[in-house]
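Asks: Listed here are the chains, written in short residue letters.
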Amino acid sequence: MAEFAYEPEPELSLGPGERAEAVAGQSPWRLAARRLWRNRVAMAGLVLFLLIVLVSFLAPVYANHIAHTDALQPNVNGTTVVNGKTVEVIQQGGGPLGLGENPIGPTWQTNYFIGADQNGRDVAARVLYGGRSSLLIGIGSALIACLIATIIGLIAGFFRGLTDSALSRLMDLIWAFPVYLLAITLSTVLLTTNGLQWGPIHLDASSLWIPTIIIGVIYVPYVMRPVRGQVLSVREKEFVDAAIAQGASNWRLVFSEILPNIITAVIVLLPLMIATTILTEAALSYLSIGVQPPNASWGTIIQDGQALLYTRPWVAIAPGIMIVLTVLSLNLLGDGVRDALDPRAKVRLRK
Amino acid sequence: MIKASRFAILGSVAALALLAAGCGGGGGSSSSSTSSTSGGGGKKGGTLNTVANAAPSGSPDPQINYTLQEWQLLIMTHDGLVAFKRVGGPDGFKLVPDLATSIPAPTDGGKTYKFTLRKGIKFSDGSTLDPQDVLSTFERLFKIKQSPNAGTWYAGIVGADACLKKPETCDLSKGVVIDKAANTVTFHLSKADPEFLDQLAVPFAFILPSSTPDKEVQIPPAGTGPYKWATYNPNSQIKLVRNPNFKVWSADAQPAGNPDVIVQKFGLSTEAEVTAVENGQADWMFDPPPSDRLTEMSTKYTSQVHINPLTAVWYYAMNVRIPPFNNLKARQAVNYAVDHDALVKIYGGPKLATPTCQILPPNFPGYEPYCPYTKNPGSGKWTAPDMAKAQQLMNESGQKGQSVDVITDTIEQDKAHGEYFVGLLNKLGFKAKLKALSPDLQYPYVQNSKNKPQFSWSSWYQDYPAASDFINILLGCGSYHPNSNASPNISEYCVKSTQDKIDQALNTQVTSQTKANQQWAQIDKILVNQAVWVPMFNPKYLDFVSKRVTGYQFSPQWYFLLDQASVAG
Amino acid sequence: MATFIIRRLTWAVIVTLVITILVFLLFFKTPGIDPARQMAGRNPDPQTIAAIKHEFGLDRSLPVQYALMMKRMFISRDLISYQYHNKVIPQLVDAAPVTFSLVLGASILWIVGAIVIGVAAAVLRGTIFDPLLMVISLIGISIPVFWLGEVANLITQDRLHDSVFSWVPPLGYVPLTQDPWQWFLHLVIPWFVLSVLYIGFYARVLRANLIETEGEDYVRTARAKGISEERVMFRHTLRTSLITFVSLFGLDFGILVAGSTLLVEVVFNLHGIGYLTYNSLTRLDLPVIMATVIYGAIFIVFANAIVDILYARLDPRVRPT
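Taken in sequence, the protein lines are chains W, V and A.
Each residue of the first sequence is one higher than the last, beginning at 0 in numbering that gives the first Met the number 0.
Each residue of the second sequence is one higher than the last, beginning at 0 in numbering that gives the first Met the number 0.
Each residue of the third sequence is one higher than the last, beginning at 0 in numbering that gives the first Met the number 0.
Take the hints with a grain of salt, since some may be wrong.
Claimed, not checked - If we take Cβ atoms under 7 Å as the criterion, some of the chain A residues that face chain V in the derived model are:
{"hint": "1", "residue": "36"}
{"hint": "2", "residue": "37"}
{"hint": "3", "residue": "42"}
{"hint": "4", "residue": "83"}
{"hint": "5", "residue": "155"}
{"hint": "6", "residue": "156"}
{"hint": "7", "residue": "157"}
{"hint": "8", "residue": "165"}
{"hint": "9", "residue": "169"}
{"hint": "10", "residue": "170"}
{"hint": "11", "residue": "270"}
{"hint": "12", "residue": "282"}
{"hint": "13", "residue": "283"}
No wet-lab data here; the hints were simulated from the structure.
Don't be surprised by glycine CBs; every beta carbon is placed ideally from N, CA and C.
Turn these sequences into a full structure, and let the hints steer you where they fit.
Replies: Structure, rendered in C-alpha cells:
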C-alpha cells in the first residue's frame, strides 16, 4: 500500500526562537537550479561533459606538447620511440610472404597512446580533434531540430485544423525524404562546384555547417510529434481555459501558458536528440557523406577503424567510447534537469 | 579493387614473353603458377564456391559486358574462333585455334582471313555449330547497339560502317563470307590489322547461336564451352553448371573443367570475404583483400596466397594546361618530392607493389628503366625522394601559394593516398585540399576538362601488350576531347613533336617490333622528363584461395583460371 | 474515420509524388552525374554513349523522362536498373521480406526489452537498480549500430567462431519459407544488434513518462481508492505513458521497414530494402533509387497514419486530424 509523506523544504519550518518573517518568493527557475545543484549524479554528468568538451578543444595542446605527434598530417614513413627503441610507425608484416603494412598498436605512452592509423597518425590525438567536430555538429543540429520543432509543434498543436494538417504532412514529407540521397548529392554538388556562395557566406564541402543543417532538419519531425502531442494535451487543461476567459491573446496563450508546460518535454528530449544526432553524424561520416577531409570527426575515425578492425581494434573502439561517455554524461545531466524542473518535486512518493 | 573493366587483351603477333621475368615475385613465396601442361588435369567434381562484393557491373550480355569479373566466367562457357592458350605462365599469351581448325595466315595484303570450322561442336542448347552462327554473331555485335568496341575494333570488317549507321538492318555477308558446304568462314577487312586475331579471341567475338535474339539478353545465351549459365541474379549469385553437350576438341584452347558447378555469390564485404575463405565457406574471393588482413593471411594461410605481377600502373595525372601544373618546374618538383615507399606502404607493402617513375610498366615492349626523380639518379630505379631539389624547383617555379584540389575517390586506400599527397603538396608550399568523390563519379569527372581537374588519381591496366595501349591512349592527342567526360588523356597533354614520334613508332611497329620498341622507350623518357604524371607504382595481383583448392594457375590474360582448379578430394 | 482514411491516403499520394519529383530533380541536376556515360563503361566510343542515351530515353527532356519512368514503374512495370539492366520491381519484391523479417524480430525484442527495463527502473526508483538500468540503457543508445555489427561479426565469425559461436552461420539471409530454422539462426545476431539501440532509448522514454504520470492526480486518486500497485501501473500509468512510446515507435518502425536498416543489412549481408538503397545510392542507379524512395515514402506515411489512429485510441482527448 502506498503512502506518501510530505517533506517540507527545511528552510520553511521554523526553528526554535525564530519568528515568521516575510520572505521574498523565489522564482521556479532558481528553485530548479538549486535542486539541480544538489543532484550529485546530474552534477557528475555535467562535469564529465564539460571535461570532454575541454579536452577536445585542447586537442592541439595534447598533440603538440604532450604526445609530440601529428594528428592531422599523414606520417606513413615516420618513426617514433617506444620504450627507448626507435620503431617505424607503419611496419611491414611478417611471415614468409612479408605481406601487409600494419600501423603500430597501443603504446600506452604519451606518444601513440592507442596506436596509429593507416596514415601513421596518432589516434589518441585524432580522437580529441574529432571530438570538436562531433560535438559541434551534434549539439548544433539538436538545437536546430528542437528549436524548429518546438515552434512548429506549438503552431500545429495550438491552431489545429488545417494548419495542423498542413504542418503534419510537411513533417511526413521531410521524414520520408531519403536523407542519404540528399547527403550524397549535396556533398557531390559541393565537391564538384567548389562550394556554395550566398553573398558573404561561403560554404564549401568541408564546412561543418553542412552536416549540422542536414541532420538538424531531418530530425525536426521526430521532435515535433511528441511536442505537438503535449501541446494538444496541455491545450485542454483548465488553466488554459482560465487564461482564455481572462481574454488572453493567442500569443500569450502560446508563450505564457502552453510553452512553459511543454518545455520540459523538449528539455528531456534534448539530450536524447544530441545522442541521436551524434550517432547520425557518425553514420553519415562512415558512409563518407558527412564530415569531409581535412576535418575529422568520431564518425570518420570509426570509418578509418573499420579497415583495421581485425588488427587494431582500438582505432574504432576509442571514438566509440568517447561517444558513449559524451551521451552518458548528457543524459545524466538531462535527467537531473528534468527532475529539477518538475514543479511537483516537493511531493515525494515513497513506497 | 581491380579497375580494369576493359580486358581485350590482344596479344601482339610478335608475342613477346612479357611475364617471363614476372612469374613468382620473391623467392620462396607461393606465388604464381609455373607454365604447366595445358589444362584438363586435376580431380573432377564438387562445387567451386566463389564470392564477390558485387555482380559484374553492366549488362550481362557477353557482347556488352567489359569486366574482368564476367570475362573470367565467359571463357568457360563460350568460345571464339581463336583463343589465348588456357595455361598459366607466359604461354598464356599465345594464340591457339579454338572453334577453327587452325589459325590462318592472312592473305590479300593482310585483309583476308579464311577459317575452317571444326565439325561436330554443339551448343549447350543442343544445336550444332555452323558458319551461320558466326555471321549472326558478328551482325549481332552491331545490332544490339551497345557493344563498347563495335565501332573501333570490328569496324574494319567490310560492311561494318553501314552497320554502324543503320544497326537494325546490319548485313555483314560481304565482310564475313560463309560457305556452309565447305564449313568455312572468310573475313574481309577494309585494311590490314595485325591485331585482328586478338580481337577474335575476346568475349565480344565469342560465337553465339544464330537463334540468339538481337536485343540485349539478361543472361548469357547458350555457348560451346564446358559450362553453361544456369542462374544470373545480380543481387544474389551467378551459377554455372556443366554443359552436357561439351567434348574436348583442343585441350590448349578449351580444356575440360574440373568442378561440376561454379557459383559466385554477391554481397559480402571484402573483410567478410577473407573470413569466409579462411573458414572454408568460400573457395576464392574475386576482390583484393583489405590491407589489414594481409599479415594474417601471409602468416597463417601462406600456402593459400598467390601473388602475380601485372602490367599496370597507378598514377596521379597533372593537368598541364591550367595552373599550377602548367609550369614544368612545379611538376618536376612534385616528382622529386614524392616518397614512393610511403605510397607502396599504404597499398600494402613492397611485396604488392613496385615504385615506378615512368609510364610503361616493366616487362612491356618499349620498357627501359628510367628514373631521374630520385636521389642519385642514374640506375633507373627510384631510391629516395630529393626534397632539397624539389624545394629549389618550387622556388624557381613561382607557384607557391597556389591552391590545388587533389581529386581521388572514396575507397579507403585511394583516400589515404590522396591525403598523403595533400600533405606533400602543402609541404611544398601549395594550398592543397582533398576531394574524394564516389568511384562511379570520379573517373568521368577527372576526364572532363570543364571541371578543371588539377591533380587527379587514376590507374591503367593493359588491354594488350603494346606500348601504344599506354602511351597513345593515355597521353596521345587523339585521346584528348575537351569538355567531354570520355577523354582518357587526363593530363590534357598534346604536343605535336611528341605525337609525331608516337605516330612514327606506330608505323614502325608494322615492320619491326624491335625498332619500334626503341622509339617507344624514347617517348617514355620524353614524357617522364615532361613530368606529365606523378607515377606511383606498378601493382601486383593477389589471389586468396581456400585450403581445399588445388591446381591454381594464373594466366597473364585471364588471371586465375577458375575451372582448372580442383575442389574434389 | 472514413474521411480521415481518405484524407490520409490522398496525402500519401501527394507526398510520394512530391518526393519523387524532388529526387528526380536532385539526381539530374547534380553535376557529374551522367548515367549514359556510367553505363557505357570504362573507355567507350562516342557512338556507344549516344546509343545508350537513346535506348534509355536519356536524351529526352526531363518531364518526359519523368513521365516515362513513372509509366514504366507503375503501368508497364518493366523499369530496368541502370546498373545491371535487370527489372527493378522484382528486386524490390525479393528484398522486402528480408527487411521485414529483420525489423519485426528486432522490434519484438526491443518492445519487450524496453517495457521490462523501463517499468523495472520506474518501480525500483530510489534503489541502486534504477540508475544501473538507466546506465545500461544509455550505453545501448550510444553505440553506433554499424560499429556494433562489425564488432559482432568480428567476434562471432572470427575470434570466437570456433568455440562459443560455432552455431552462427555465414552471413546472409535464408527465406522463412525455405528453411525456418536457418532463417532464425541467420537473423539472431542482427536482431540483437538492431534492437540494442532502441531498447535503451525506449526504456528511458518509458521510464520518464511513467515517473511523470505517477505525479498526476488521477494516479493519486487510484492509489487512494486502494487499487493495487500492479493495477495502477498497468491500467493507469502505463497506458498514458505509452503515448509518446507509441508515436515514436510508429515513426521508427515505419522508417526502418522503409530502408533505414541500411547499415545493419550491409554489415550482415542481408539483401533487404536498405541494402538495395545503399547499393543504388553509391552507384547512382536512378531507377532503383526511385523505386526504393517511393516504397519508403508510402510506407512511412502509412505508418504515420496508423500511429495517429492508435494515438487517438490511447488518449481520448485527442482526435485524429
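Asks: Verify the interface restraint on residue 42 of chain A: the C-beta must sit less than 7 Å from at least one C-beta of chain V.
Replies: holds, 6 Å
Asks: Report holds or violated for the interface hint on residue 170 of chain A, using the least CB-CB distance to chain V and a cut-off of 7 Å.
Replies: Nearest chain V Cβ about 6 Å off; hint holds.
Asks: Any CB of chain V closer than 7 Å to the CB of residue 282 of chain A?
Replies: OK, holds: residue 282 of chain A within 7 Å of chain V, min 6 Å.
Asks: Closer than 7 Å between Cβ atoms is the bar; does residue 155 of chain A clear it against chain V? Give me holds or violated.
Replies: violated, 10 Å
Asks: Have a go at the residue 156 of chain A hint: is there a Cβ in chain V nearer than 7 Å to its own Cβ?
Replies: Since chain V brings a Cβ to about 5 Å from residue 156 of chain A, closer than 7 Å, the hint holds.
Asks: Next item in the hint list is residue 157 of chain A. Is there a CB on chain V closer than 7 Å to its CB?
Replies: holds, 6 Å
Asks: Interface hint check: residue 36 of chain A, Cβ to nearest Cβ on chain V, cutoff 7 Å. Holds or violated?
Replies: OK, holds: residue 36 of chain A within 7 Å of chain V, min 5 Å.
Asks: Once the shortest beta carbon distance from residue 283 of chain A to chain V is found, is it less than 7 Å?
Replies: Given a least distance of 6 Å, the restraint on residue 283 of chain A holds.
Asks: Taking the closest Cβ pair, is residue 83 of chain A under 7 Å from chain V?
Replies: With a closest approach of 4 Å, the residue 83 of chain A hint holds.
Asks: Does residue 169 of chain A hold up as a contact with chain V if the rule is Cβ-Cβ below 7 Å?
Replies: holds, 5 Å
Asks: Should the interface hint for residue 165 of chain A be scored as holding, given a Cβ-Cβ cut-off of 7 Å against chain V?
Replies: violated, 11 Å
Asks: At a threshold of 7 Å, is the proposed contact between residue 37 of chain A and chain V supported by beta-carbon distances?
Replies: holds, 6 Å
This entry does not satisfy hints 5 and 8, going by the numbered hints stated previously.
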